[in-house]
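Residue numbers (the working numbering), protein chains in the order written: chain A, 1 to 156; chain H, 1 to 308.
None of these hints come from the bench; they were simulated from the model. Quantities reported herein were computed from a predicted structural model and do not represent experimental measurements. Be careful, since some hints might not be right.
[What the hints assert, rightly or not] Lysine-lysine pairs mimicking DSSO-like chemistry, simulated, CA-CA at most 27 angstroms apart:
1. Lys-133/A / Lys-202/H
2. Lys-123/A / Lys-86/H
3. Lys-133/A / Lys-207/H
4. Lys-45/H / Lys-28/H
5. Lys-96/A / Lys-22/A
6. Lys-96/A / Lys-133/A
7. Lys-133/A / Lys-60/A
8. Lys-12/H / Lys-248/H
9. Lys-12/H / Lys-28/H
10. Lys-86/H / Lys-99/H
11. Lys-164/H / Lys-133/A
12. Lys-242/H / Lys-12/H
13. Lys-99/H / Lys-123/A
14. Lys-28/H / Lys-38/H
15. Lys-94/A / Lys-53/A
16. Lys-133/A / Lys-95/A
17. Lys-45/H / Lys-123/A
18. Lys-86/H / Lys-133/A
19. Lys-94/A / Lys-123/A
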Amino acid sequence: MTDKENLKIQAIENGTVIDHIKAGQALNVLRILGIAADCRGTVSFVMNAPGAKGRKDVVKVEGRELNVEELNRISLIAPNATVNIIRDFVVLQKKKVVLPTYVEDVVRCINPNCISNSTEPIKSRFSVIRSEKGGVVLRCLYCEHVISENIAEHLV
Amino acid sequence: MSFKNRHVISMKDFSREEIDHVLDTAEKLEPVARGMEKSRLLDGKIIALLFFEPSTRTRLSFETAIQRLGGQIINLGSVEASSVMKGENLADTIRVISKYADLIVLRHPQDGSARMASEFASVPIINGGDGSIHHPTQTFLDLYTIRRESHLEGLKIAMAGDLKYGRTVHSLCHALSLYGAEMTFVSPPELRMPAEIVRDLKRQNIKVGETDSFEDVIGDIEVLYMTRVQQERFPDPEEYEKVKNRLKLTGELLENAAPDLKILHPLPRVNEISPEVDETPYACYFQQAFYGVPTRMALLTLAMGVIE
Chain A
1 MTDKENLKIQ AIENGTVIDH IKAGQALNVL RILGIAADCR GTVSFVMNAP GAKGRKDVVK
61 VEGRELNVEE LNRISLIAPN ATVNIIRDFV VLQKKKVVLP TYVEDVVRCI NPNCISNSTE
121 PIKSRFSVIR SEKGGVVLRC LYCEHVISEN IAEHLV
Chain H
1 MSFKNRHVIS MKDFSREEID HVLDTAEKLE PVARGMEKSR LLDGKIIALL FFEPSTRTRL
61 SFETAIQRLG GQIINLGSVE ASSVMKGENL ADTIRVISKY ADLIVLRHPQ DGSARMASEF
121 ASVPIINGGD GSIHHPTQTF LDLYTIRRES HLEGLKIAMA GDLKYGRTVH SLCHALSLYG
181 AEMTFVSPPE LRMPAEIVRD LKRQNIKVGE TDSFEDVIGD IEVLYMTRVQ QERFPDPEEY
241 EKVKNRLKLT GELLENAAPD LKILHPLPRV NEISPEVDET PYACYFQQAF YGVPTRMALL
301 TLAMGVIE
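Chain A extracted, bound-state conformation:
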């Protein structure tokens, strides 16, 4: 990547830059972070940016340093994402997202008869497992149904 392109992606004063998101997943990353249209801070993203390993998306959240738990949720749909915490235009911290072992209120169970899809006062809960093929598998902690593909389609 050229310096000019790098600048386009990383030049924020303070906040979080999520890089190396699989192309096309940027909007889902915003959803998983709970960043919606009513968000007051500046949020920008680049889709289909050229990268060393092909096209990628990048999300920049200004004025907010996302915490580890929030960021690791991203790995459900973007397992190779990297996170840069920026202060005063300097990359203070750079790390890869880590697959969590458990997520709550992030994904809806695909089983329509699951109690978590009812009006009971509970949140969806899943254990997270790395599949043999390197993908991500979610197992509902209520009904044990498994989600092994198209996880982004089931985001809460």
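Once you have looked at the hints, place chain H on chain A.
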């Protein structure tokens, strides 16, 4: 090993040692279940039976188990007459009934409802069947039957019928894998055991086979676990019509069976086992129904801590 205040939600929550302990306890309680010995182990205890869907067999065997042990029962009456019809959610129902009873047996049509109930209850929950996923007390009684009538370790078993939707066989597979069973699944292609379960078993080095014919297995197994093709589980009625009569166990098929074969069925059956099989020494399903009583006695007494 203490089971006091422990919930009974899924077989996956139990180790082999814990299952053995439940089965050992059931065996000790069997004379009480038969009415040959008196017991007041549950004297002064109140057990709530919350059945949100009909289940005569499970409910009556719990009632028998409780009454044989001197316990008392409260229940919802008909769901139509309960606060559920006023719009109360299950979480609140469980929180309230926890204040009345020492233990709750829950039967509910939604998958995962027992797990959720355990998060809101201040007393132990025994899952009497939730949706199409779990029915652990059935699995405990199946294991108990196999142990009493045959043997568990290294068992050669075939499971036949609706293996796709049948929750009893799914749980049983998992439990038997802890005992190194060899399993063969007999079903029409449309009702095969879910691939994920077969994969899990193979991952545990369990010997697994699949066929659509009894003839392939009948001479080489010690237990045949039959299941009903459950019309109510089929999303598509046409699919049910296509498969409902595909597997039928007849006396003729049993001519080549091993002499010590035992046939189990969680009941009720419809027409998957011919009546002439009932009179053979292989038929074990009515005895199996009885074994639900000592098994449920064991789970009740262990969860309430009246037996260690």
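- Message: With the threshold set at 27 angstroms, check whether the alpha-carbon distance from Lys-45/H to Lys-28/H stays at or below it.
- Response: The given pair, whose Cα atoms are some 20 angstroms apart, holds under the 27 angstroms limit.
- Are Lys-242/H and Lys-12/H close enough, with their CA atoms no more than 27 angstroms apart? Answer violated: Lys-242/H to Lys-12/H is near 33 angstroms, above 27 angstroms.
- Given the proposed pairing of Lys-99/H with Lys-123/A, does the C-alpha separation stay at or below 27 angstroms? holds, 24 angstroms
- Taken at face value, is the distance from the CA of Lys-202/H to the CA of Lys-133/A at most 27 angstroms? It holds: about 16 angstroms lies between the C-alpha atoms, which stays within 27 angstroms.
- Query: Does Lys-133/A pair with Lys-95/A here, judged by a C-alpha cut-off of 27 angstroms?
  - Reply: OK: Lys-133/A and Lys-95/A at ~23 angstroms, within 27 angstroms.
- Is the straight-line distance between the alpha-carbon of Lys-12/H and that of Lys-248/H 27 angstroms or less? Status violated; Cα separation ~31 angstroms.
- Measure nothing beyond the straight line between the CA atoms of Lys-45/H and Lys-123/A; if it is 27 angstroms or shorter, mark the hint as holding. Status violated; Cα separation ~33 angstroms.
- Item | Restraint status (C-alpha distance of Lys-86/H to Lys-99/H at most 27 angstroms) | holds, 20 angstroms
- Message: Checking one constraint from the list: CA of Lys-94/A to CA of Lys-123/A, max 27 angstroms. Satisfied?
- Response: Violated, at roughly 31 angstroms.
- Query: Is the straight-line distance between the alpha-carbon of Lys-133/A and that of Lys-60/A 27 angstroms or less?
  - Reply: violated, 30 angstroms
- Are Lys-133/A and Lys-207/H close enough, with their CA atoms no more than 27 angstroms apart? Distance of about 23 angstroms is within 27 angstroms: holds.
- Message: Check whether the Cα positions of Lys-86/H and Lys-133/A lie no farther apart than 27 angstroms.
- Response: violated, 48 angstroms
Violated hints, listed in ascending order, are 7, 8, 12, 17, 18, 19; each of the other numbered hints is respected by the structure.
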